[in-house]
Amino acid sequence: MTTVTRDARAVPADLRAGSISTRRRITDYIAKSLMVLALLIALVPLGLVTAYVISKGAHMISWNFLTGRIPRQQTTAGGGIGPAIIGTLITTAAASALAIPLGVLGAIYLNEYGKQGPLARTIRTMTDVMTGVPSIVMGLFIYLTVVTLTEKRTAFAGALALACLMLPVVIRTTEEMLRLVPDELRQASLALGARKWRTTLTVVIPAAISGIMSGALLAIARAAGETAPIVLVVGITYRPNWSLFNGGNTALPALIYNNASSPYEPAVNLAWGAALTLVAIVLIATLIGRFIASRYAIKER
Amino acid sequence: MPDDDSNPPEVNMTNVSDRQQINVAVPTVGRGGAGAGPPAPSAPQVVLELSNVSVFYGNYEAVRGTTMTIGKNQITALIGPSGCGKSTVLRSLNRMNDLIPGARVAGRVAFHGTDLYAPEVDPIQVRRRIGMVFQKPNPFPKSIYDNVAYGLRINNIKGNMDDMVEQALRGAALWDEVKDKLKQSGLALSGGQQQRLCIARTIAVKPEVILMDEPCSALDPIATSKIEDLMYELAFDYTIAIVTHNMQQAARVSNKTAFFTAEVDENGVRHGRLVEYDDTPRIFTNPREKRTEDYITGRFG
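Listed in order, the protein sequences are those of chains A and B.
For the record, in the first sequence the residue sitting at position 74 is 74 according to my numbering, with numbers rising by one throughout.
Heads up, my numbering is the position in the second sequence plus 301, with the first residue counted as 1.
It is worth saying that the hints were derived from the structure and are not from the lab.
Predicted model only: the values in this text are computed from it and were never measured.
Careful: at least some of the hints might be erroneous.
Simulated crosslink set (EDC-like; lysine to aspartate or glutamate; CA at most 16 Å straight-line) [stated by the list, open to error]:
| hint | chain 1 | residue 1 | chain 2 | residue 2 |
| --- | --- | --- | --- | --- |
| 1 | A | K32 | A | D14 |
| 2 | B | K507 | B | E564 |
| 3 | B | K443 | A | E176 |
| 4 | A | K196 | B | E564 |
| 5 | B | K591 | B | E567 |
| 6 | B | K373 | B | E567 |
| 7 | A | K196 | B | E509 |
| 8 | B | K437 | A | E184 |
| 9 | B | K373 | B | E509 |
| 10 | B | K459 | B | E478 |
| 11 | B | K480 | B | D464 |
| 12 | B | K437 | A | D183 |
| 13 | B | K437 | B | E567 |
| 14 | A | K196 | A | E112 |
| 15 | B | K373 | B | E350 |
Next up, chain A with everything else stripped away, as it sits in the complex (with noise of 0.2 Å):
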């Protein structure tokens, strides 16, 4: 055996921070103080937006603002927004129940039996083509087929559309989560004598739902602000309307598109404050939907 001794010649390692070359230090300085600047100007937008709605449009939120009708006439003062409240939510809420059960198990049927197979292949091609068709070319389709053979507009038209833009949001994101569950999780199941079904149901899926979580919420929160569709084949009406299939409703996006460009005072401050309802909405039903996902999420530690 050897002993391990000190070379007494060795010069000692220089560790303090100073040792580094001046250049080095210059460098680590500029390439950090761009990344914080990225980050304040990618945030000035975000804080601009959120201040100007709040200041513009605070001032309008009331409880009868919340629940009144809308005013007909775009001089008079007064009134709410309840019916276009009471459409957004209907018509999202429809959109959601019809695109997300929809779009999960497609996603399931691409990662966990289609994989790469021709008709999975396919599938996955059309929605990422699908998520990038215009939100105004779906509200033409679907007021082209919905609204045209039916000859009404209706809020579940709109949830229709709303769906379509949905949908391939929803598959892909939730591909995307499914991917990540690790094989070996579902090898595990498997080689305990579970059927496929039940692996995807009972292991898959959960290491999976707060990712599916956040994908569904993405997709609500861009179908809550769409407007074309919803112009297009909702309208617009005045009085509260919560029937999906009867009569013409209206969506807090299609509220603030047609009174924004009034000339009228009480119309535009009408339609801040339906701008600032709208941003709370999607932020409550993201908080919602975070906490209902960390309920469901399997904790790590």
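Please arrange chain B on chain A, whose structure you already have, making use of the hints.
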């Protein structure tokens, strides 16, 4: 067989032939077993019988013509260099190879005389009776309790769930370490504990055979020794087949050892081949084949 006198008694150094002395240490198991592995009946009942089994991945023949039997309540080790097909053979025993697209098994794998690859055989039923522990500990991202209960639930095993979970955890020598934190995530355990949790999960459904695919390769020596002790205990109730890279491990735990290697055929294609299959002490002290000896002595592989 005269022992080499120059070596201490815990090492079973034996003169193989006049060609070469084997340098691998074959320690005897501490618990009264005179040779390697737990005591097993001299002529054990055959549980699994492989006759001329070849495994193909697409057109590539990964393993060619394997014939061997696995006896009841024995530990059978499969050793050999990387790429020799030992894991492939192991996975063909409970039809896990079915999950790999293009994988196909030729020849006959009989489980108590029933051909596992007969068309009417359900792979789920096979895996229910022939469980598997994987190389990387892969507990489900669920609680410790749910990890063990999973197999019981999916197989609709009735009875007192708490008792069965406790039994399985005791069987895997994990109960004392986790009894106060059954609701915690299985992922919070250490690597060795996770692997014992996976063993508990496997034995909870009371399979007849446990296949272990390099169960200790991701574990430290202390955790490895715990798993090895556990295997010894488990062999009283189960039949175990283990793939290992660690020759000492095979020598320590197994009753019988199969040595695989990769051969290049006349067309220049590599195939895994079973070279020699015999009682473990014999393989490690007096192998018939030169290639086995070369591998055991560390000349290649």
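Taking the hints in turn, this is what the structure says about them:
Proximity of K32/A to D14/A is assessed by CA-CA distance (about 24 Å); at most 16 Å being required, the pair is judged violated. Between K507/B and E564/B the CA atoms are separated by roughly 37 Å; this puts the pair beyond 16 Å, and the hint is violated. Note on K443/B and E176/A: the hinted pairing is violated, with a Cα-Cα distance of about 21 Å set against a maximum of 16 Å. With a CA separation close to 36 Å, the supplied pair K196/A and E564/B exceeds the 16 Å bound.
Between the alpha carbons of K591/B and E567/B the distance comes to roughly 21 Å, so the proposed pair goes past 16 Å and is violated. For the proposed pair K373/B and E567/B, the alpha carbon gap of about 38 Å is over 16 Å, so the pair is violated. For the hint linking K196/A to E509/B, the alpha-carbon distance of about 22 Å lies beyond 16 Å, and the restraint is violated. Annotation: proposed proximity of K437/B to E184/A holds, straight-line Cα distance about 8 Å (limit 16 Å).
Under the criterion of a C-alpha separation no larger than 16 Å, the hint pairing K373/B with E509/B is consistent with the structure, at around 9 Å. In summary, the hint linking K459/B to E478/B is not supported, as the alpha carbons are separated by about 26 Å, beyond the 16 Å threshold. Between the alpha carbons of K480/B and D464/B the distance comes to roughly 12 Å, so the proposed pair stays at or under 16 Å and holds. A threshold of 16 Å between alpha carbons decides the hint, and for K437/B with D183/A the separation of about 11 Å falls inside it, so the pair holds.
This hinted pair does not check out: K437/B and E567/B have alpha carbons roughly 36 Å apart, beyond 16 Å. Taking the CA atoms of K196/A and E112/A, the gap is near 9 Å; set against the 16 Å cutoff, the hint holds. Simply put, K373/B and E350/B have alpha-carbon atoms about 11 Å apart, close enough for the 16 Å limit, and the pair holds.
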